[in-house]
Amino acid sequence: MRTIRKEHGNGGKQTYELIDRLFKPIFGSEILKSGDDSTVFSLNGLIVGISTDSFVVKPYFFNGGDIGKLSVCGTVNDLAVAGLEPKYITVSFIIEEGFSMDDLEKITRSIKKYADIAKVEVVAGDTKVVEKGAADGVFINTTGLGVAKDVEKLPSISKIKSGQIVIVSGDIGRHGACIYSHNEDLGFEDRIESDCGLLSDAISELMREVDVVYMKDLTRGGLATALNEIVQKSGFDIRVEENRIPVADEVKALCDILGLDSYYLACEGRFVAIVNGDEKDKAIEILRKYNGFACEIGMVEESREKRVYLSTTFGGTRILDMLYYEMLPRIC
Amino acid sequence: MKRYRFIFKGLVQGVGFRPFIYSIARKLGLTGFVKNTGEGVLAEFQGDLASEQITQYIISNLPKNAILEKIEVYEIEPVEGEKEFCIIESEKNKISTVLPYDLGMCEDCRREFYDKSHRHYHNVFISCTNCGPRYTIIEILPYDRENTSMKQFKFCNDCEREYFSADNRRFNAQSTTCPVCGPRLFLFSFAEKKHIHGEAIELLDFVSQKIEEGYIVALKGIGGFHLVCDPYNETVVKRLFESKRREGKPLALVARDIEVVKKYCYVNEMEKDIFSSPRCPIILFERKTELFSHVNSSLHTLGIMRAYTPILDYILNKTGRDFLIATSANLSGIPMIIDEIDAIQKLDGTCDYVLYHNRKIVRRCDDSVGFVIKDKFVLTRPGRGFAPLRIKLSLSQTVEENILALGGHEKTTVALKKDDEVIMSQYLGDLDTKEYIDFYMSALSDLLFLYNLEYDYIACDLHKNYFTTSLAEHIATKDEKKIVYVQHHIAHVFSCMLENNLDSCIGFAFDGTGLGLDGNIWGSEGFIIDKSNVKRVFHLKYYPLVGGEKSIKEPVRLAYYFAYEIDKNFAKEYFANSNYLSKIVKAARLLNYPLCSSFGRIFDVVGVLLRCGEKNNFEAQIPMILESIADKTEEGFYNFVMNFEHEIEIDIVYILQQIINDIKRKTDICLISAKFHNTVAKIVVEVAKRLRENYNKDVVVLSGGVFQNRLLLEKTVSMLEKEHFKVYFNSFFPINDGGISAGQVYYTIQLLKNC
Ligand SMILES: [Fe+3]
Ligand SMILES: [Mg+2]
Ligand SMILES: [Zn+2]
Ligand SMILES: [Zn+2]
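These protein sequence lines map, in sequence, to chains A and B.
In terms of full-length UniProt numbering, the first sequence opens at residue 1 and continues consecutively.
In terms of full-length UniProt numbering, the second sequence opens at residue 1 and continues consecutively.
Be careful, since some hints might not be right.
[As the list claims (entries may be wrong)] For each label pair, taking beta carbons as the anchor points, the in silico distance ranges come out as:
no. : chain 1 : residue 1 : chain 2 : residue 2 : range
1   : A       : K306      : B       : D158      : 33 to 41 Å
2   : B       : M441      : A       : D249      : 55 to 63 Å
3   : A       : R244      : B       : N639      : 48 to 56 Å
4   : A       : I319      : B       : Y654      : 49 to 57 Å
5   : A       : D249      : B       : F570      : 52 to 60 Å
[Stated by the list, open to error] Residues from chain B that keep clear of chain A, each with C-beta distances beyond 12 Å, as calculated:
no. : residue
6   : Y264
7   : H300
8   : G320
9   : L431
10  : T433
11  : Y436
12  : A476
13  : E549
14  : K550
15  : I552
16  : Y593
17  : C596
18  : R601
19  : E645
Calculated directly from the structure, the hints in this document are not laboratory data.
Ideal Cβ positions, reconstructed from N, Cα and C, are used throughout, including at glycine.
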């Protein structure tokens, strides 16, 4: 019997196989086939975009955020990187019987707080309570709607060309590291702060000043997975430089303990932007106002192997592949 | 008057075979001709001699580098009025399957090189039919001068005369050249950022001087660049280690002759023969003295090869040293440099001078590496003098279909089966970087082009994260090939079965880590093999591979895990950074690490427990130190329990427990190491005995990287032989992952034969 395994949800190769082999053939919608997190289309002359996401993080309250904040940021950010101005959001809860009412209240207030900051209105919602054991605590789904003024200015994968510059908006891997650091059994003295946050302000200022080629927020699967999605869809290669990619020392230390690679750790408030060379300085200057670690990390290359290359500090060019059976060593 | 057509097959091109036939025909007063063909060499002899006499004469006088596999003789119609015997130029469009090897300088050339009165005195590119570059200068087959990178050097009158005189050692030798017409030497200085000009010998004198003064020189050789420096100068050795960024990885030495080696190492007859042979591999010798501990990380072996080019030989003489360091110019993650432009671009800072020539290296080929054990030369890195490896399949072992096998992930090679032969490439490296993948891809297309292979089946590993596996899947879809996935350790055993023409055995693969058929990580497998039927009958009880890939580079993680499981207090006291390590072990429990049965990792763990190190800075560093410290006179061993369910299982924890007890008792680590080695050998013997009873088999095959441990290999083979097993281990195809591609081919053959 074919069953869903945990890897199908890791945002890596298996997730894509599931989408490609099961969802796409059945749904078949052309818009869906583009495979972006948000979909932009024109409705009676108005350019609108929709994005949806479900949140199942544990713990619900972590250093730097909670599941409520996360579920607003995730969807708002997906709209923002598509070049849309987020307008409305819907929120659905699936709650396990016995879940703390106080916690639910805190989570709900957090949703309200960040929706206000992002200037989106919560316009619909739904609540389901399931039997104990049928779900784990609380699951939240949010769906957002955004609008765009100028189609021409929208970032698009088809605008990617070799020689363009890849910028990351801040240091990577904080959210994934944060969640691990909350695990009691690991005994970390200091909880790492998540990068969970809203990108809409930074992006709208960036788009006002710069002709952004393409943007993608880093979520599950981290920087490496996001870049792989870009090369798969654009057909170009991307080369990034190891010594330019900003990673906080505490994140590095945690990766060392876990034996994980920070390039694959989840982020919830970072994105990569691809811009033309002549605008990179302006772009970085703007992004630094929001996060001091924003910087250039690499470049789009012509060779069209659809690969992400990492120039390592030791020399040599490592291939940053899509995550696949993450823990299986290749070393003999 | 009779006329015979002879067809010679085997290694008969590029070894002076045609001149040899020519000289024989002249001696025996025969007329006719000889020529290279796609299949080998064809000759027609006309005269009064019987074919048996001619055959006899040929066989008893073969050129020393020729390997004659088959002679076909046909009597044909005599040709009227034929006056002489001649050599005919090669036929085009036909490809011989036999590529000649690069051969180290022969004694005759060496004598001429130092003979003031000789025309080839100080000819730094001296070579003849018995020596010189071949594999690395061939652009297309057949092996003729205009098909090599020598074609740009037009003969001077003297060289032309030698090349065309049938009684000359350089008759038809494609690499023939001299200072008048041959390649030139160039010297680039990084400090001055410019070339230094001079005659070849002046440049060599200059470079020798600089090496004596403690500089590092990159030297273009036959299959790539070497970094050369003075092994007696610890400062420069340290600098070399730092710039190669491979802390402690032993460096290869060159020596003039075996007599020099004997001063510092134990040398047996076979080692002497191979050292002096034209193949000139790096041989791992058991060393006598502590000399060069800074060169080989205090291991018990020294890797030494003969100075196989005139240039290396000259510099050795000039510097008056017994040894020089000559290590491949392969910076970490990047294959050995073969091109001067690359060398000047990439080696700034790594070395001080680049000495190169303008003969193009067509394909990269590293120095071969191996060691001698039980009267066999175990090749661990197939390169110069050996590659491409080639083996004939016996009639009963072949199938009609052709096969391409893409190998594993580390120390990769590619292999192909064409007609009744299996051919395997040189070492292509670890495919972790784009640079190595580019090398791999070009070697793959090179091989397919040279052999003009049309194949139906493509074989690869099971591991989805291997580049080679995804490549196989890509090719299979694109070109409609049938794909065969071969489990890593099954491939190891089959590589050994191939070279020994076996189709059934008890096979052991003790190895690092490879993906198993059950999704776990294997590496201590015992199989019962009957043709393509493979049954896994033994393995170590699974343990969690704490830290995943990281624990392979830092085995202290796994060592702490075992120590903590066995004795918490011991673990906390014994490991200096136990606080940190306990976090790692706790993290491991959360992250769902794979289950593992690898023996390689257990050698790591025992090594860490015996303070051989905490990290492997290069592959198998800790196990190599563990082997080095073992007291070879110790005969004791640890107890173990064989559990039988449907397979035999041994729980390694019980053995580690006894080791920890020994450590607590302050037993000498040299004894513990020896007892551990003995125990592993004994495990093989006891399991094999049990399997012999159950399956009625007494042929045992040993393969996998762990058996590069000579102490273990020697012990295991001796103990098995004492129990009257017939024992085989890899010698021709690498016992490590270099042999995986050959094993994949052979497994596929067996599969096709038996389905
Ligand atoms: Fe292996
Ligand atoms: Mg999303
Ligand atoms: Zn010679
Ligand atoms: Zn000449």
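To test your reading of the hints: which numbers does this structure violate?
Violated: hints 1, 2, 4, 5, 9, 10, 11, 13, 14, 15, 16, 17, 18.
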